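**Student:** Sequences and hints are given; from them, build the entire structure.
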Amino acid sequence: MLVQPQGAASEYLTGVRVTGSSPVDVGLIEVQSGASIRLTVLDAQGLPMAGVSVSVSDGSAVMARRTDGDGQLLLQGLRAGTCSASMMVEGVPFVTVVEARAGDLVEAVLDLRERVVATWTARMLFADGSPAAGVHVRAVATDLAWTSSTATSDHDGRFELQGELNGPTLLEVYGVREQRGRVQELIEFDAPGSGPESIRLPGASLVGRFTGASTGLRLRRCAWSEEAPSAFLANRGGSFVERDGSSGEAFEIGYLSAGRYELVWVDRDGQPLESVAIELGQGQRLQL
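Each residue of the sequence shown is one higher than the one before, starting from 1 at the first, in UniProt numbering.
Among the hints, erroneous ones may be present.
As the list claims (entries may be wrong) - Ranges of calculated distance between the beta carbons of each label pair, as one might list FRET restraints:
1. Arg200 - Phe251: 43 to 53 Å
2. Gly91 - Gly129: 27 to 37 Å
3. Thr211 - Gln72: 25 to 35 Å
4. Gly259 - Asp154: 26 to 36 Å
These are computed hints drawn from the structure, not numbers from a lab.
Since this is a predicted model, take the numbers as computed values, not measurements.
Glycine included, C-beta positions come from ideal geometry on N, C-alpha and C.
**Tutor:** Okay, structure coming up:
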């Protein structure tokens with residue numbers, strides 16, 4: 001849901017950063033200084049929900065607030081741009097996306113009557129077809145309009161997600177053997193909950209060493225930058241993989257899909273030193 005700014009904001013609120021212990025899932029916000037959002041939360045009967053926890057982020061800080069007696073909350077001093085607010089409903093994040101400009105007040109509604117929850121069951125497999133047991137899986141819409149529940153695959157690699165589960169989607173997989181960070185794969189749902197029966201984790205990898213002044217690398221998957229929405233890239237695909245190290249230290253980046261990548265070597269301040277175009281084949285182990 002996109003809403004237009006109304007009125008103006010003159011007060012600012014210092015945001016409280018939420019740690020991973022928060023039970024509230026967080027959406028993306030790309031907003032400019034001084035934007036304000038007044039959010040109203042309605043239940044399945046259209047009545048205000050008082051005292052519920054909602055999270056809002058402006059891309060630099062995440063704010064968790066509770067609604068007042070009228071089911072509303074006001075957040076000020078946000079950066080301007082694309083913003084999403086979310087709350088957990090029966091273990092599934094419910095998200096609304098808004099647009100805000102500096103100095104404007106945006107009226108937004110998180111209405112449970114608009115909530116769509118589908119269920120998707122599938123198997124997670126390694127490239128050789130064996131089950132990927134014990135990995136953590138969740139799905140995120142490429143336009144960031146929804147986020148699914150998180151599930152852990154069983155001994156047979158089977159998992160079940162709940163959420164809107166519709167359209168182009170980024171699947172995020174954590175805890176894959178000794179892989180640092182998440183493995184990411186683009187999939188598509190033809191209809192809510194209608195996704196592939198199995199997901200095979202990609203099998204390509206990139207190996208090399210940090211040299212000279214380089215103490216980090218940023219690996220970007222080119223197809224994502226050409227096709228994905230800007231909000232998605234800012235949140236998930238701007239740097240497909242990041243690694244830090246020291247000169248002479250070896251690295252290996254596994255579970256990559258075939259395709260074109262840009263590898264950017266960076267210094268200790270994160271400034272780019274050199275970029276290299278890379279093309280990976282299916283299951284290829286490329287030595288730099």
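**Student:** Hint by hint, say whether it matches the structure.
**Tutor:** Results for each hint:
At about 24 Å, the CB distance of Arg200 to Phe251 disagrees with the hint of 43 to 53 Å. Taken as a hint, the range 27 to 37 Å holds for the pair Gly91 and Gly129, whose Cβ atoms sit roughly 31 Å apart. For Thr211 paired with Gln72, a C-beta distance near 55 Å fails the hint of 25 to 35 Å. A beta carbon spacing of about 30 Å between Gly259 and Asp154 agrees with the range 26 to 36 Å that was offered as a hint.
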